[in-house]
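Engineer: Spelled out from the first residue to the last, the chains are:
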Amino acid sequence: MSDPIGTTRAGVTRRLLRRRGSLLALALLGAVVLLALLAPALPLPGYSSLDATHAMARPAPEWRTADESALAQLAEAHPAGAALRHALFGERELAGALGRDALGRDVLARLVWGSRVSLMVGLIASLVSVVIGVSWGLLAGYAGGRLGNLMMRVVDVLYSVPLLFVVILVVALLREQGAALARFDVDREAILYVVIGAVSWLTMAQVVRGQVLSLRQRDFVAAARALGSSGSRVMLRHILPNLWGFVVVYLTLTVPRVILFESFLSFLGLGVEPPGVSWGLLASEGLEQLTAISVAWWLVVFPGLALALTLGALNMLGDSLRDALDPRLAT
Amino acid sequence: MMRLVLVRLPWTAAILLLVASGSFFLVRLVPGGPFDQEKVTDPVIRANLLAAYDMDAPLGVQYARYMRGLLHGDFGPSLRYRDYSVNQIVGESLPISLLLGACALAVALLVGLPAGALAASRRASWVDTLVMGASTLGVALPSFVLAGLLVLLFVFQWRLFPVAGYGSPAQLVLPAIALGLPFAASIARLFRAGLLEALGEDWVRTARAKGLSPRGVLWGHATRVALLPVVSFLGPAVAGVLSGSLVVERVFAIAGMGSHFVDSAFNADYNLALGVVMVYTVLVTLLNLAVDVAYGLLDPRIEVGAPA
Amino acid sequence: MRADARRLLGAAAVLGAGFVGALLVGGRASLPRADFAFCNQDEISSLDPAIATGVPEARVLGGLFEGLTRPDPKTGEALPGMATSWECAPDGLTWRFTIRKDSAWTDGERVTAHDFDYSLRRFLHPATAAPYAYLLWFIQGAESYTGSAQPDEASLGIEAPSDTELVLRLARPCAYLPRLLAYYPLAPVKRSCVERWGAAWIATEHIVTNGPFRLVERRVRDRLRLARFDGYWGRAEVALDTVDAYAAGGITTQLNMYLTGLVDWMIKPPPGLYDAVLPRPDAHVGAQSGVTFFRFNVERPPFDDRRVRTAFLLALDRDGIARDVMRGGEQGSRSFVPQGLPDYVAAALAPHDPVRARALLAEAGFPGGAGFPSFEVLYPNNEVTRDFCEACAAQWRDELGVQPRLANQAWKVYLDSQRELRYDVSWGAWIADYLDVGTFLELFQSGSGNNRTGWSDPAYDELVAQAGACPDAAQRAALFRRAEERLLDELPIAPVYQRINLNLVAPRVRGFSDNLLDVHPLRDLSVDGPPVGPGP
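Protein chains in written order, with the numbering used here: chain F, 10 to 340; chain H, 12 to 319; chain U, 374 to 909.
Chain F extracted, bound-state conformation (with noise of 0.2 Å):
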């Protein structure tokens, strides 16, 4: 594979692993991932199990049995993760290590498992975008002359719309119609995925489109054509592979924001709904719980520093990842 950047992929590696930073923050994504993935088998109470005589409590772990109908839930839900826990921890669990909330729910539990739902949101929403973007800016690129320009307008004019408020618009409408997406076997949360990462694909068209241009001058392009390849195989064979490397970048970096639209929609009241949990709706959650009766900190700093110490992982990762592709762009 030609390499016309001047960046192999041990190169950008081994500039990524340089940074002290870019370390730390892998680790840190590693181990929330590794989390997320393991949150059946991790010792905890159930994440929607409601406790109303722990209402509101404070930070104080203790190692319990676990209430017998949450580990049947599990068990149905999660069969090789629930063996595994029992093989592990037998009936014991960690309830309460970082609070409760107004309806007695385990803080720490939410939080595992509303990562999963965050990286979910989080990946199928960005690649949603990424697919877009892509696809557009390769196309616009590519073709050039009117056609490109005329779809680079349209991204255009799209930054203009409030793309915010007409999603906000068509998720409350999903949100309605709910019963007759269910009758067509329409997930309502997968539709939710799929309108929040239509909303983040500008960016990367444009970064797209801009690398595409540059591409096609060079001689490789025109060497293929000059060989009778066709349009569609000089995108596909010999510029798309190029570009992985910003798509990269692009992608690590939308993820963050992704999720903190998800977030947002949240505490709106449209994002992933109950018994779900995200990390967007746990923090939200803790915000509506905040009241001086109760001055519930760990309602809203626990899933707040999950939020902050991950996106910020990401979004340090991203920019290592852009500097170290391009090192002429290093600061």
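If you are wondering where the hints come from, they were derived from the structure by calculation, not from laboratory data. One or more of the hints may lead you astray.
As the list claims (entries may be wrong) - Taking lysine to any residue and the SDA-like style, the derived pairs with C-alpha atoms no more than 20 Å apart in a straight line are: (1) Lys641(U) / Gly427(U); (2) Lys641(U) / Ala301(F); (3) Lys785(U) / Arg39(H); (4) Lys785(U) / Leu277(F); (5) Lys447(U) / Ala612(U); (6) Lys641(U) / Ile302(F); (7) Lys785(U) / Glu198(F); (8) Lys785(U) / Pro54(H); (9) Lys474(U) / Glu538(U); (10) Lys785(U) / Leu61(H).
Small disclaimer: the values here were computed from a predicted structure and weren't measured.
Chain F is fixed; fit chains H and U onto it per the hints.
Structural biologist: The following block gives chains H and U in isolation, referenced to the frame of chain F:
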């Protein structure tokens, strides 16, 4: 400059038309409509209500009527706040959002610019790491979490500010900070990056070698160049402040335009929802235009006479 | 360098000017705190009594306007308002009201019977499109008046023979009419004001009112300021000078505003905080004229079998659920019609009896729950409602051996599903607007749009219709009771608990009485001492 503005105008008009039409139909897809309640409305009463609001005509007719009203700048009556027209509600709430936004931007600039300059001048020191670390976290924090933390500290822990409301300057402080800090973080990063890049340029090194004081160099050309990315960031920043106000207005009980948007969507108040969307579109478009103009003014390639 | 500095200064000047401009345009003078301030939950839909709907509206409009009668703050009974006395003919079809001579509008003129004649006609007129117009359809000619394109004024049974006499001729008796007339949609509006200003008559500078307070300022979605009206006939009894009704903010913000002393009264704090809130001395908890219940879709087997429905009711430990799940001081239902309605002793609901429940289920063909199809319990999306439905579903599972699934839907979709009878079992609630048994029992008449169970019983319809047409209060109550007994026999619904009113009221407030309707007229409130946040 004038040419730029003139070229943009027809596009702006087209965008507004598109947004208005699209939203008109989108919003009416929400089932139930503005007059639905738990207690079933008698059909006679329902018919009277629809007639009173001209909603019994076929959709095409309603659309034509609405568009005609739009051309006169009339967004119609609010379907939820029956004493008010949408123009009146926007007229009362938009200035509030603008003031909140202006304060938030002031916070963003007053915190972000000095922070970025500080980090750049003490590059690779602990100060730099601290500022950059804080800004990385700041960009990653949702504004409502920030608002919650501010309330925790400055309202409940140290009773310094009122918890909600609008009217006195004290009531604007926490909302402005909650809204503006995430943008301060971005501005700090951009400004720092721009300064470092400018300071690395050859002619700057030459100037230094010739004996010009470092401070003079820093506050001269470098700042002007480094402000460019900040200025171009202001466009999306103001748009972000406008949309972020949705959250802050809810938390601090401020009757600005942002809080109207979500509620009007949920109340199926079609006219108000459309009015708010249109106003935001106009604001954002004007903003982008202003940013482009400002960029042109600040770009050193256009200036006459570079420093020696 | 000078060019740079100039440009930078120019940019700073532009930004600064923009900021000052925003300040001038958006800043507004902050008002000093009113005597009494409260969080009114939401911005009101309108100041026009005829077209406003909702509970927050009642608090404000009840202060601005006064109808023929006004509610007693403790019992909800009708006290003289604009009418000093009233009498009803023995057949229950003609009511005469004597209008007081010492009343006044805020523009100085006297309130007369002609004002009420005009206002009630306007309320019923189709062009006004009053959502509550049906409240007066028992008046002669009223229903067709509202429904016709060219309403015939002469056919309507409203008459003002003189300045001080108002006569209402009814098509059917309405025993609770004096209580109903205190309800804000039936308040008078000034004809000259409405005719002069049209839709803008409710603007602060134009509005004319007759109640204990007048409108001083209105900031949409922020607050409404009222001040005592010195021309009000009962001025001596009104203690408050100024009142602020706040409309902004979510429930948590409202609670915080109360705790930090910005407001003196706050309604319904978040249920998640009940354990912290209820023990407080400033928490006023009381029974409400409202009930939470489950609807059964009687068109879907096996819920078409009365024994199954009865089994489901008996299996629920209503008191236990109210105590442990709702935790607000709610009472398990002893009847369908809430306890405490005037002149009415409710029929008795069968007590918790899981043994009999299981026996009934077996008799219906599902011993121990075997063979009972898996069914859905529908509820609108809300954490507390979900918690409640889960607890009930768990009890059905444990006691009867059946397989309930929970299904939640957005509010409007949920309403739709109920109307279309697309559910098995559904959560439901009903809260009365005014204190009368009829509003509860009329729900389940065959044709009622609010029935939503598919249940239709001619005997029940007959009893309710007879009660509605009965002029004698005691006989009416007896007929309604028989209807309720029939309802509790057939059980298209399973009442679970009577709802509560919960208000947080600062200690400095006096005259705040708990009552079923949760009506607290501003006229009867007073404050003692300076505003101080009660604190956490």
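Engineer: Mind checking the alpha carbons of lysine 785(U) and glutamate 198(F) for me, to see if they're no more than 20 Å apart?
Structural biologist: Holds, at about 19 Å.
Engineer: Against the 20 Å threshold, does the CA-CA distance of lysine 785(U) and arginine 39(H) hold or violate the hint?
Structural biologist: holds (14 Å)
Engineer: Verify the proposed pairing of lysine 785(U) with leucine 61(H), using a straight-line Cα cut of 20 Å.
Structural biologist: Holds - the C-alpha atoms of leucine 61(H) and lysine 785(U) are around 19 Å apart, at most 20 Å.
Engineer: Need the status of pair lysine 447(U), alanine 612(U): alpha-carbon distance at most 20 Å?
Structural biologist: holds (18 Å)
Engineer: Taking only the CA atoms, is the gap from lysine 641(U) to glycine 427(U) under or equal to 20 Å?
Structural biologist: At roughly 16 Å apart (the allowed maximum being 20 Å), glycine 427(U) and lysine 641(U) satisfy the hint.
Engineer: Just to be careful, I want the Cα atoms of lysine 641(U) and isoleucine 302(F) compared with a cutoff of 20 Å; is the pair within it?
Structural biologist: holds (15 Å)
Engineer: Holds or violated: lysine 785(U) and leucine 277(F), Cα atoms, limit 20 Å.
Structural biologist: holds (17 Å)
Engineer: Taking 20 Å as the top limit, are the C-alpha atoms of lysine 474(U) and glutamate 538(U) close enough?
Structural biologist: holds (11 Å)
Engineer: With the threshold set at 20 Å, check whether the alpha-carbon distance from lysine 785(U) to proline 54(H) stays at or below it.
Structural biologist: Given that 20 Å is the threshold and the Cα spacing comes to 18 Å, the pair holds.
Engineer: Between lysine 641(U) and alanine 301(F), is the straight-line Cα distance small enough, at 20 Å or below?
Structural biologist: holds (16 Å)
Violated hints: none; the structure is consistent with every hint.
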